[in-house]
Amino acid sequence: MMWSPLWLSLRVALFATLLGLATGLPIAYILARKDSPWVDTLGALTNLPLVLPPTVLGYYLLVAFGYNSPLGRFLDRLGIPLVFTWRGAVLAAWMVSMPLIIQSAGAAFAAVDRELEDVARTLGESEWGVFWRVTFPLARPGILAGTLMAFARALGDFGTTLMVAGNIPGRTQTMAIAIYDAVQMGDQQRANALVLVLTLTALAILLLLRRLTHHLPGGPT
Amino acid sequence: MMWSPLWLSLRVALFATLLGLATGLPIAYILARKDSPWVDTLGALTNLPLVLPPTVLGYYLLVAFGYNSPLGRFLDRLGIPLVFTWRGAVLAAWMVSMPLIIQSAGAAFAAVDRELEDVARTLGESEWGVFWRVTFPLARPGILAGTLMAFARALGDFGTTLMVAGNIPGRTQTMAIAIYDAVQMGDQQRANALVLVLTLTALAILLLLRRLTHHLPGGPT
Amino acid sequence: MIRVELHHTFPDFTLDVRFTTAADVTVLFGPSGVGKSLTVRAIAGLFTPHRGYIQVEEEVWLDTARTLHIPPQKRRVGYVPQHYGLFPHLTVGENVAFGLRHMAPGERQQRVQEMLTLMRLEGLADRRPGELSGGQQQRVALARALVTQPRLLLLDEALGALDPVLREELRETVRTIQHRYRIPLFLITHDVEEAALLGDYWIVFEEGRVVQTGEPGEIFRHPATPHIARAVGMRNIYTGVVRAHPAAGITEIQWGATVLQVERGDLPVGRDVIFGFRPEDVLFVREDRPLAHAHNILCVRVDEVRLVGTDCVILLRTCEGGERIHVRLFPTVCEDLRIRPGQRRRILIRRRAIHVFDTAGHPKGMG
Amino acid sequence: MIRVELHHTFPDFTLDVRFTTAADVTVLFGPSGVGKSLTVRAIAGLFTPHRGYIQVEEEVWLDTARTLHIPPQKRRVGYVPQHYGLFPHLTVGENVAFGLRHMAPGERQQRVQEMLTLMRLEGLADRRPGELSGGQQQRVALARALVTQPRLLLLDEALGALDPVLREELRETVRTIQHRYRIPLFLITHDVEEAALLGDYWIVFEEGRVVQTGEPGEIFRHPATPHIARAVGMRNIYTGVVRAHPAAGITEIQWGATVLQVERGDLPVGRDVIFGFRPEDVLFVREDRPLAHAHNILCVRVDEVRLVGTDCVILLRTCEGGERIHVRLFPTVCEDLRIRPGQRRRILIRRRAIHVFDTAGHPKGMG
Amino acid sequence: RATSPQEEPLHVAAATSLAPTMPDLLNAFEEETGHRAVPILSSSGKLAQQITNGAPYDIFMSADTQYVDHLIATGYAQPNDRTLYALGVLVLAVHAPDSPVRGLPDLLQPDVRRVAMANPHLAPYGRAAREALEHTGLWEPLQGKLVLAETVRQATQFVETGNADAGLIALSTAQDARVQVIPIPPSLYTPIRHEAVILRRTPSRAAARAFLTFLQSPRAQRIFQEHGFRIPPPTREEDGREP
Ligand SMILES: Nc1ncnc2c1ncn2[C@@H]1O[C@H](COP(=O)(O)OP(=O)(O)OP(=O)(O)O)[C@@H](O)[C@H]1O
Ligand SMILES: Nc1ncnc2c1ncn2[C@@H]1O[C@H](COP(=O)(O)OP(=O)(O)OP(=O)(O)O)[C@@H](O)[C@H]1O
Ligand SMILES: [Mg+2]
Ligand SMILES: [Mg+2]
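Protein chains in written order, with this note's numbering: chain R, 1 to 221; chain E, 1 to 221; chain W, 1 to 367; chain Y, 1 to 367; chain C, 1 to 243.
Note that these hints are calculated values from the structure, not bench results.
It is possible that part of the hints are untrue.
[Unchecked claim] For each label pair, taking beta carbons as the anchor points, the in silico distance ranges come out as: (1) E/Leu209 to W/Arg101: 40 to 46 Å; (2) Y/Gly130 to E/Arg77: 54 to 60 Å; (3) E/Ser69 to C/Ser217: 37 to 43 Å; (4) W/Thr67 to E/Leu209: 35 to 41 Å; (5) R/Asn68 to C/Ser217: 40 to 46 Å; (6) W/Met103 to Y/Asp16: 38 to 44 Å; (7) Y/Arg344 to W/Met103: 48 to 54 Å; (8) Y/Glu169 to W/Glu114: 40 to 46 Å; (9) Y/Gly130 to R/Ile30: 18 to 24 Å; (10) W/Gly217 to Y/Glu218: 33 to 39 Å; (11) Y/Arg175 to W/Val333: 23 to 29 Å.
[What the hints assert, rightly or not] Simulated pairs of lysine to any residue, SDA-like, Cα-Cα distance not exceeding 25 Å: (12) C/Lys145 to C/Gly103; (13) W/Lys74 to R/Phe136; (14) C/Lys145 to R/Arg77.
[Stated by the list, open to error] Over the 12 Å line for every Cβ pair with chain C, so calculated as not near, a few chain R residues: (15) Leu18; (16) Leu19; (17) Thr41; (18) Leu78; (19) Val112; (20) Glu115.
We put the beta carbon where it would ideally sit given N, CA and C, even for glycine.
Using the sequences plus the hints, can you model the full thing?
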C-alpha cells in the first residue's frame, strides 16, 4: 500500500523528466541562441504551465487529450490512451516540470563560450557533435540544476496528475496523491510515514544524481 | 470581482519572489562555493518543497504557523498573524518558489570565473562588493531565469496558498484560487476569462522583466 | 595559393582586406585592433563578412556573390585562437584527441601520444586545462590543431606565452610539421623576430586594411609607412627637404643643419620627405683613420649607453640641431670602441642604408 | 624592499621560492609552468601557500607561522592576470573606474579619462571587453590596475599581445608611471628583450624554485645554468674537459679536436665542464690580416647564412669534429664580410667571452 | 434587524458541492436579513483542518456530519449551534445522450470503460456512491473501471468532458453540467446529511444565528431544491441527531 505508489511516482517522475529533457533542451537551446521578439515571447510562454493552477492546467489537458478530443481518440486507437493511465500522470508531470528545465538550461546555454564551439567546428565536429561534445557538457551544471528541480517537481505534482490520471489505486495513485489522501482522511501517522518515505527517497536520488554528475567529465572539479 | 484577485496575486507573487531572492541567493551562493557533503545535503534539501504535494506542504505550514503552534501564537501577539491573511499567501508562494531561485542561481554562481572576483579583490573591493559588483551581475542570466520561474510559480500556486491562506474573497483569494473556484462552480466562461487575464498578465510581466534585464549592464548584449 | 578578399562594416570599424599568398608561412602583422583576428576567423569560416571571397588552392571557401559558404567543419583548418580555446571539461589528452573521433581508438591513442611528446606535454595527459600554466595551455592548443593534419594552420598569437627556449623549439616543431605535411601556415604575431624567423611572406595591416605585403627582408629594408618602419625596428625616422641631385641616382636631403645623401633619383627638389635608417646601420668613425669620403659624416654627442640584453644601445644627439639618433651595437663592439656618455664622436650613415618613404605628410608616431 | 618566501605542494608540483628584491622593476623569468604566476598571485594575496612569508617595506602581508594574512583588499596591489581578467559585464570606462568607487564622481571621471588617454584607449570607453581586440583588452587591464595608484604593480605577461610600436610606448608609459609614483613593479615576461629593457633585477625560476637572481647584465654574462644561458640567447653550449693551466687565471679546455682557452683559474685538470659563448661574440678573422695571437682561432665551414629580421644569422661547423656554431652579425657587417655558404673561414672566440658553468652534469636542452 | 454596511461580512466556509448554490443562497440571505456573507469554498476536510488551525470563519457548511462532529468534539463548535439544512442526492450521470446506460447494472457493459466517482475516503458523495455500488453488488466487478476524483465536482468534470463514460455524482453538480442524469434510489445509500455549524470563535454570533435560522426558511429550502438537494423532513432530522 506504500510501495506501489512510491514505485509509480518514481517511474512517472523519471519518464516525465526524461521527456522534459528531450523536449526542453531543444527549446532552451533556441531560446539561448536566437535573439528575436518571437523567441522572447516563446520563452515567456514556456513559463505558463507554472502560472496556471495545477488543477486548471490539468483540466485543460484533460480536455485536450481526453476521449472527446480528436487527439485523445487517436491515441486511444493507437492503444496508448493517456487520461486515467500512468501515461497521463507522466503527461501531467511533464507539463509542470518542463519549464524548470527550459529556464535553467536556457541560462546555462547562453553562458557557454561561443569560441569553444567555434574551435570544435574547425576540428570538423558537426553542429550536432558541437552541441553534445562542447555546449552540453559546459552547460551541464545548469542543466543538472534544472533536471533536479524538474524531477522533484514531477515527484511532487498532485493537482495536475489527479486531474489527468485520476486516482486509481495501484494504477495511477502516485505518492503525492496517497499523501494527500492520508492527510485529508486525518490519518496523520500514515501521512507522516509517507512523507518521510517520499522525502528520503527524493533526497537520496537528488544527492545521488548530484554526486554522479559531479564526477563526470565536465562537472566541477 | 476579477481585479481584486489579480492585484492580490501580483502583490503576493512580488513579495514571495523578493523574499525568495533575499533568502535564496545566500543559500545558492553557499551551495555554489562550499564543497562538502553537508552543503550537498543542504542543496538537496532545498528541493523538498518541490517534492511535497502543495496541499500537504500547505498543511504542514498551517500546523507550523497556525494558531495552535507557539510560533503562530507569537506572530499573532506581534500583530502579524500569517495564516489566513495575505501574508500567509506570501509564505506559501515563497516556499514553493524559492527552490527554483536556489537551484538556478546556484548553477549560475558556480559558473562565474573566480579570477574576475580575485581581480576585484585586488582593486580593493570588499567581499560584499565583490559579490554585488562582479559575481551577481555575471550570474545574472541564471538568477533572472530563476526569478522568472519563481514569479510564475508564485503566481500560479494554488494548493499551498489555499491551505495556508484560505480562500477569502477580497482578502486571500488569489487569481489561482479564483480560477479554481470558477471551475468548481462550473462557470467555465468565467474560468476561461480569468485564465486569459492571468496568463496575459504573466506573459506581459515575464517579457517585461526579461527585456528590462536584457538591457542592463551585464545582460547579454 | 590562397586568395582572400573581405569587406565588413561594424558600427565603428571597417574591415577591407585583399591579399593573395602562396607562402609556406604567411604572417599577419600590425597594431592592435586592425582586423588580424577577424581575417583569420573569416578564413576558418567562423566569421562571415558582408562581402568576401576566399579561395584555397582550387577550392572556393567563400564567395558572397554566389552565396557560397563552406562551413568550418568542411574546411579542415587547424585554428588556435588568441586565448587558446581549450575545452575546460576535457583532459589534455581528450582535448588533443577531439578532432580524431572518427579514427580507430588504438590509432587515435598513438597519434595523441606522439603529439603530446612532440609538444613536451608528456605526463600532463590527464590534467584539466585549469590546472596548467599558460604556456602548457598554449602547447595543448597547438597539439590539438596539428594532430588532425589540417590543410591550413591558423595561429592567432599562438607562440606568445612561451619562454624563449621552448618557443624556439616549438618554432622548429611547427616548421618541421609544416614542412613534412606541407601545411600552409597563417601566423598572427606581434613579435618581429618571430615574424621574421618564421614568416616567408608578410601581410601588414593598418586600421582594417592591408598596407604592405612582401617578404620580410623587403619590408625590413623598405617599409611602406613610418609606422611599419618603427615596428620593424627602424627607430630613426625624420623629416627633411630635398635639396639637390649631386649625381645621377643620388639625392641630397636637408635635415636641419645637416645634409644627407641618399640613393634615390626620383625626388623633386623642394619636396618634403620622411626618411629613416636602422640603429644598426650607424657606424662610428675611428678618429685615427682618414675618411674615405666626406658625405654623410655627422658630428654627434653621446647621451647614454645602455646594455639591453644582447645589445648595446647608444643614444646620440647631432651636434647641430640636437636630433636624437639611436644606435645599436654588439656589446663587445661597444666595449672595443670605448663609447662613453658625454663624448663627442663622428658617425657615418651609408647612403644606401637611408630609406625614403613614398608616403607624404607627417610621420605617424615619429621618434 | 620586498621579501618573499613561499612553500606549497600540489600533487605533482612543488613551489619552493625564496627571494628578496629592492628593485624598481623585478622580472620573474623562466620556462612555462614553474610557478611564476603562483608567486605573483601569492603576493597579491590571492593564493595562500602552505607555508610562507611576504614582507613589503615595513608591512608583513603574510606570515603563516603567525597565521597572519592581510587580505588582498588591504594590500593595494595592481594586478593584471595572464588573460587580463576584464569584467565582461562592464564597459571599458567602468572597468577602469572599478577600483575608484570611493572617489567623487567628477574626480573619478577625470582620472579615468586621463588613464584612457595615456593608454591610447580614447573613444573605446563605452565598448564592452568582448568588442575589443586582444591588445586593446590588455591596455584596459593595465589602465584599471594603474589608475588606483597601487603600492605594487603585478603584471603577469601583461605586455605580450601588443604590436612592437605600441609595446614600446607602453613600456615607456609603465616606466614613467612607475617612476612618477615610485610603484615597485613585478613583471612576468617571456620576452628576453623586454625583460632586459624593463627589468632592474631578475628572478629566474626553474621547476618551482629560484635558480638565479641578479641584474640582467650579470645574468646575460654569467647565466647559472645552461637552460638560462639558452633563454638569454647564449646559443653555443658544449661540453669539454679541463686540459691544462698554461698561465695563472687561464684554463685550457679540450673541446673535441680543438683546444679553447678561458679566463678561469679554479678548474681542476680532468674535470668535465659545460661552457658556452654568445653568437655575437664570434669574430670572423680577416684572411688578409696577420693574427695577433694563435689561441682560440678555429677553422669552420659556413653551412647557412640567414637574414632574420634585423640580424644576419650564420650557421657554422668546426672543420674538425663538426660542432655546430651559431653566429649573429648585423646585416651590413655580414655583407661587408661577404660570407657565403660553403666557404671555409677562420673565427676567433675571445677568452673572456667564454663562460664556464659551475653546474656539473649534462647540459639540459643542449644545442 | 438591519446592520450597518461596514460590518464585516459573515465568512461561510462551504463544501465544494455547494459551489453552484452559494451565490443564490447568500444573495437571498442578504435580502432577507441585511447581513452580507461571503463563501469560502473548499473540500469539507480541508476546511475542517483550517478551522482547527484558526481559520477566521463564522459558519461551516459541511457536506457531511462527520467533520461537524469532529469540530464539536474538539471544542471548535457547540452542539446547539448545528443544523441539518439539506440532503445530498446521488445520481448516475452519463456523458453521451445516446448512452445505453439506463441504470446502475448497465455499468457492467463493456462499452462503459470508465466510471467516475469521488474518493470515498474524502468525499461524502464518494462514500454514498460506494454504498450504492456495494448494495447492488457492483463494487467488486467495477473495480477495474473506477476512477476516483478528489471531489465530486472533479468526478463530474470527468463525465462532462467525456473521459469517463458514466459517473456517480451529486445531483447538485450534475444540474449545471452537460450530462444526462439517471436517478439512483435513495435507499441504496445512507443519506448525505449536509450540516452547518456556527464556529465558536466567531465575532458575529448574532448574524451567524440569523444565518442558521435562514437555512431552515422556505426560501432557503427552495434554493437548495433548485440546486439539486432534497429537503430533510423535520422528523427525520430529529432521528439523525441521535445516532
Ligand atoms: N563584434 C564586434 N562588434 C564591434 N566591433 C568589433 C567586433 N569584433 C571585432 N570588432 C572590432 O574589430 C576590430 C578588429 O578586431 P580584431 O580582433 O580582428 O583585431 P586584431 O587585429 O586581432 O587585434 P589584436 O592584435 O589586438 O588582437 C577591433 O577594433 C574591434 O574593436
Ligand atoms: N590548482 C592547481 N592544481 C594543481 N597544480 C597546479 C594548480 N595550479 C597550478 N598548478 C601547477 O603549478 C605549476 C606552476 O603554475 P604557474 O601558473 O605558476 O606557472 P607559470 O610559471 O606562470 O607558467 P607560464 O609561464 O606557462 O604561465 C604548473 O605546473 C601547474 O600545473
Ligand atoms: Mg587579435
Ligand atoms: Mg603564468
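Comparing the hints with the structure gives:
1. Look at E/Leu209 against W/Arg101: about 42 Å separates their beta carbons, and that is inside 40 to 46 Å.
2. About 56 Å separates the C-beta atoms of Y/Gly130 and E/Arg77, a value consistent with the hinted range of 54 to 60 Å.
3. The supplied range of 37 to 43 Å is met by E/Ser69 and C/Ser217, whose beta-carbon atoms lie about 40 Å from each other.
4. For the pair W/Thr67 and E/Leu209, the supplied restraint of 35 to 41 Å holds, since their beta-carbon distance comes to about 39 Å.
5. Between R/Asn68 and C/Ser217 the beta carbons are some 41 Å apart, a value that agrees with the proposed interval 40 to 46 Å.
6. For the pair W/Met103 and Y/Asp16, the beta carbons lie near 42 Å from each other, so the given range of 38 to 44 Å is met.
7. Taking 48 to 54 Å as the suggested C-beta distance range, the pair Y/Arg344 and W/Met103 conforms, at roughly 51 Å.
8. Evaluation of the 40 to 46 Å hint for Y/Glu169 and W/Glu114 yields a pass: the beta carbon distance comes to about 43 Å.
9. For the hinted restraint 18 to 24 Å between Y/Gly130 and R/Ile30, the CB-CB distance of approximately 22 Å keeps it satisfied.
10. Taken as a hint, the range 33 to 39 Å holds for the pair W/Gly217 and Y/Glu218, whose Cβ atoms sit roughly 35 Å apart.
11. Hint check: Y/Arg175 to W/Val333, Cβ distance near 27 Å, so the stated range 23 to 29 Å holds.
12. Restraint check: the Cα-Cα separation between C/Lys145 and C/Gly103 comes to about 16 Å, which is no more than 25 Å; the hinted pair holds.
13. Between W/Lys74 and R/Phe136 the alpha-carbon distance is near 22 Å, which keeps this suggested pair within the 25 Å criterion.
14. Taking the CA atoms of C/Lys145 and R/Arg77, the gap is near 18 Å; set against the 25 Å cutoff, the hint holds.
15. For R/Leu18, the shortest C-beta to C-beta distance to chain C comes to about 26 Å, beyond the 12 Å cut-off, and the non-interface label holds.
16. Every C-beta of chain C lies more than 12 Å from that of R/Leu19, the closest at about 21 Å, which supports listing it as non-interface.
17. The claim that R/Thr41 is not at the interface with chain C holds, since no C-beta of that chain comes within 12 Å of its own (minimum 30 Å).
18. Every Cβ of chain C is farther than 12 Å from the Cβ of R/Leu78; the closest lies at roughly 16 Å, confirming the non-interface assignment.
19. Every CB of chain C lies more than 12 Å from the CB of R/Val112, the least distance being 44 Å, so the non-interface label holds.
20. With a closest Cβ-Cβ approach of about 53 Å to chain C, R/Glu115 is found to remain outside the 12 Å limit, as its non-interface label requires.
Comparing the model with each numbered hint stated earlier shows that all of them hold.
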